[in-house]
Every structure is written in C-alpha cells, then in structure tokens.
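Q: Residue strings, one per chain:
2 protein chains.
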Amino acid sequence: MTEKKGTIHQLSELGEFGLINRLTSHLTIHNKSTLKGVGDDCAVLDFNNKKTVVTTDMLTEGVHFNLMYVPLKHLGYKAVVVNLSDVYAMNAIPKQITVSMALSSKFSIEAIDELYAGIRLACDNYGVDLVGGDTTSSMTGLVLSITALGKVEEEDVVFRSGAKPTDLLCVSGDLGGAYMGLQLLERENEVFKVNPKMQPQLEGYDYILERQLKPEARRDMLKVFADQKIRPTAMIDISDGLSSEIMHICEASGTGCKLFEDRIPMDDQTKQMAEELNINPLVAALNGGEDYELLFTIPVGEYDKIRNHPDITVIGHITEKSEGANLVTAGSGQEIPLMAQGWNPLKDQE
Amino acid sequence: MTEKKGTIHQLSELGEFGLINRLTSHLTIHNKSTLKGVGDDCAVLDFNNKKTVVTTDMLTEGVHFNLMYVPLKHLGYKAVVVNLSDVYAMNAIPKQITVSMALSSKFSIEAIDELYAGIRLACDNYGVDLVGGDTTSSMTGLVLSITALGKVEEEDVVFRSGAKPTDLLCVSGDLGGAYMGLQLLERENEVFKVNPKMQPQLEGYDYILERQLKPEARRDMLKVFADQKIRPTAMIDISDGLSSEIMHICEASGTGCKLFEDRIPMDDQTKQMAEELNINPLVAALNGGEDYELLFTIPVGEYDKIRNHPDITVIGHITEKSEGANLVTAGSGQEIPLMAQGWNPLKDQE
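If you read the sequences in order, they're chains A and B. Note that full-length UniProt numbering gives residue 197 to position 197 of the first sequence, counting from 1, and the numbers run on in steps of one. Note that full-length UniProt numbering gives residue 59 to position 59 of the second sequence, counting from 1, and the numbers run on in steps of one.
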C-alpha cells in the first residue's frame, strides 16, 4: 500500500512500539559516553571519573504552552533546551536526555513527527544523545517530561551556594525578551479568536518571538569561563525571572545583594513591545522568566576578564546577608527589597 | 497561626517553592554516589568507574491509574518501583531517582503529601535517593514522570540481546496477578458507582490486590545471580505481559523460543479470580502486564544452580530464529505463534 501525501494518521495505527520505532530510528549518537541508547530497559552510560549531573523538567499543555501559537517543532526544541540550560548552569556539559510524553488522541502521527523533529534538532545542535523515554497517552493534551544528564570534573562544578560578599553579579545576554514575546503572541491570538481573517502583526519583533519560541542555552558562556580561566562562585539559569534567581543564589549562599536597575540589559524590541503594551519592561526582566540566560557571580578581582565581553553585563554585587537583597532604582537610587514574583505554576487556575 | 487538624489546604497556598520545600525537607540520602541532591539546577552524582544506567516512565491519570480505587500513597510507591524494576532488569543497582509531577487544582496539599509518602517509602525500602524533580500544574488530573539512575560494572550488564539457542527461559515469581487484581478493583468500582452503599468484596484476594496496588521489584534476583555466579544471557522486566517481553528478547537476540503453557507460574488467587470473572488466566499471564517480575535466559548448563529455587521457574527455552516464537499448549502440545498483545496505551481512547 502506498502512502498518500498529506494523509493524516492516527497514533493508534502505529501502537506504542511502532511509534517508538518511528521516533527513534533516525537518532544519531554524539557521545562516546553513550554505550547503549534506546532499545533496552535502560540506557547504559560511561562517565569514567567525571561527575554526573542530572536535571528534569515537565511541560504541560495549557499551562506551559498554547498550541494555538506554539509550533510543535519549536516546542520540542525548547523542551530540550530548558533542560540543557540547567546543566550548563552547573558548569557541566550535557551528554544525554530521556524524553517522556503523554499524548491525547487529538495528535496525529505527523504532529508527533514535528515535535520529535524539534527534539532531534536540539540534540544535534547541542551534541546530546536521546537515550530513552516513555510514550503513552493522556486524557487531555500533551505532557512532555525531559531529563538531562551531563558531565563535569568535580573541581569545576558551580553550585548556587558559593557567592561571597563583594562578588560581582553578572548576567549573559539580555532579559525580558521571552516574556514580551509571549505577550505579543497572546495579543495576536486574542485578535485571531475575534476575527480569524486578521493576519497577525508580528513584523519587527522577530527577536522577542525567537526568545519565546526558540530559546537557546548559553553553552558559549562555558567556553568563556574555560578560555578566561574564570570559575564562577555561584551560577543559576534564568527560567523564572531575574528576581527569583538572584534570591535563590542569595539564599543558598547566605548573602544579600545589590542589583542596579539601570544595569539590567534589555533589547530594544523588548522595550518597544513593553511600551506598546503599556507594561514596565523592568517587570518583564525581573519576573517574566524563560530567558534561559546564565546568572553568575565572580570574584571582583576577575572583572578585567569579562569587562569587554559584549554579552556579559555586571548588574550588581553580592553583600552581607544582613544588608538584604535589594534593587537600587535608576532615578532616585532608592533601595527596594527584591521579591520573588516569578512565574508560579501552582497558583489558582482560572 | 496554628493549623487545625484535618484542614484541607490548596496547593496555591504554598506555591511551587513552598511545595518543593515541603516535599523534599525529609529526604534521606542513602548513597555515597549522591554528592548533591535536591536544591540546585542539577543533582551531582559520582559513579567512579561503574557504568550508569538510566530509565524513565510516565504515568497519567485516567490511563494508568484510576484514583477512585488507587490510594495516592500506593500510586507513589508503584511509580518508583516500576522504574527500579527496569534498572534491576539490566542487572544494575538503582541509586537515584528524579520525580516530576503535574497536578490539577483538585489536589490538596495533604493529597500530595500522601503521594510523596509513598515515593519516600519506596526510596527507603530500595535504598534509592530522590535527587531532583519538577512540580507544576496540569489542566486535568495527575501526571507522574520518574527517571531512575543505577550503577553496574561493565562486565555485569545484561541486555535483552544476549539470548542464544538452547538457553533456558526463566521467570521469577508468578504472573497474571496484577491484571486479575485490576479486574477485581474495576468490578468493585462499577458496583460502587451503581450503589455507593455497597461495601467492596475484596476478602480472600489480598495477594492479587497487592500485586496490582503495591508491586515490588525483584531486587532479590540480583542477589541470587551474584551468590550463584549466574550471569543471565538476556533479561527484561515484565511490564507489558509475558508474551510481549519474550518477543522483545527474541527480536533483540535474533532468536526464536518455545514457551510451555503448563510451566507458566500462576498463583491460586489469580486462577480463582479468573474463574470468577470468566477470564482465561493464560491471557492474564501472557498479556495482562504489570507483574514486574524478571524474565531472563541462562545457559542450559546452569540449570542446576536455579532448579531448586522456589521463586524461579523454567518456562521454556530459546530456539533458532527460523523456528519462530511459539507457545506450546498444555493439552495437545500444539505450537501457536506468540503475539505481542500487551497493553497498548496508544489505542483509541473511548
């Protein structure tokens, strides 16, 4: 029987093993440490004397993503990247992932192929091996759960807990873009719901859309640290918003901090969209989340090593715990206590 | 403010970080290899020269479990055990797990405490450390995704692919019990839906109920292998049903097999319930699944090492691939090709 082009197939035609075979038959192995990938009860990994790091993230439809405006390929890519970002935040190199997904019957085989194409693209771009997973059904919607494993020399691991008073608080890239991209997508989705013939107005906002739909993890920062012989004293990735992440570092390290409002890096598109939607861009940077930049602290003596890096910004410094964690405002220089108002997935659902 | 006994709390009162703190504050670390558990972007593990194995499983409400008759504590316990079973099936020792869960707002804090109590009990019973996870919300129901890591010496790993013709096909414990336990629970749930005042009729069926609600993984078999210096040539755990698992071994090993119907071990309660419900108990053993016993092959010369073990049964042997994978029926000795009719979570949902 030949397959008609454009035909949509139901998942039930394939069954679980058929689907797994389809999804895993084109996987490339990138790492020597992957002794055995998909196809047994477990994958088998060999890390020799390195330490293993492990992290996991779950994304649920209707909570973390809206398939009205998130293409499945982008979703697959992003689901991998958010886990790799956690591995890089330990100063470790991601090597393997496992992917579990629950699917409702509304998804066709072709839709899942798209999702997996995004997952495979992220694996290829970051040199990571997909070594296992579980594929099952859900009563409603899509749930994706990814676990990432990485390796690192023991002396290189960076925890959240090593920040010391006077250390510089640094961030890669710019902040608030992913949140403003989401606001833009939601605005256009509302317009579309009212009038499906309206074309979405997305021109000129490609950067913030990409920040939301196809974020990248800051692998390049680990190369900067290695090349410049910098060992951050503490590090975390920015998934919930700058404010929440800074407070994690201060809590784990037993310190306070001063964050300077006027030093927080933001892209012009982020500011422009914020103005258009009448949102304070500072809120997007502090509480928006999903930027997947790295927030890290370095001893003040290492300032010269990063001062000229175009993609690293010093946004403040660590203080004694007794001074608290404060934002120093741009105009008046007033100090306001930081609050972790990051995204809370467990707040009451409407 | 004091807490009134018996008060039910909403998850939104705690928030994500509050819930994580509550759930992870009583965790015990069992393994030296757990350098850093919960509380950073990743856990950090140290396996030295051993190999790492990794496996993952996802359970979704309404598909894998029905909270009408599955207590949350049992669900948490079982969700861990099914992953550990995969690790044992590699002849490896489980060491760490990560737990991700998506919860709808119908769950109270107390309900999640119960779920976690089951997860912690399994960790304690099997000496496994919970080292990370993700806790988020779902639009409907509960989704649990667990990843387990284990360690093993390279020369001890047992894959599915090593079975050779003449090898004996062996199974631990007995089969079909978990499936018959589920049938009993579903029958009583139907009765309850019609008349909520009816008490469930579960007396005399404690064994099959425990097989369904609180299965254990066969850690003890690894001790038998070590003590008797047996190295299985192939091994898999029975999660989808004996038929499906045998075919996985035959496919991966490039062999056929003969499975003898009258050798398949079944408990009296399994047979009794099957009779009561007019189900062929063979179907429960071959296709029921969820028994979490180990199916393994050993060279025929090692028969004496296991022949007297009360919990290991030889149910057949491996043949050349050309002979096919066949069931030899009890009465007539007729050979019927095995079919993988195991549980398929992706079949059309009603």
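Keep in mind that the hints were calculated from the coordinates and are not lab data. Warning: the hint list may mix true and false statements.
Just so you know, same-sequence chains aren't split out, so a pair can sit in one copy or run between any two.
Result set (BS3-like, lysine-lysine): computed pairs, CA atoms no more than 25 Å apart in a straight line [unchecked claim]:
1. Lys50 with Lys32
2. Lys36 with Lys50
3. Lys164 with Lys229
4. Lys50 with Lys305
Q: When the hints from earlier in the document are held up against this structure, which numbers fail?
A: Result: hint 4 breaks, nothing else.
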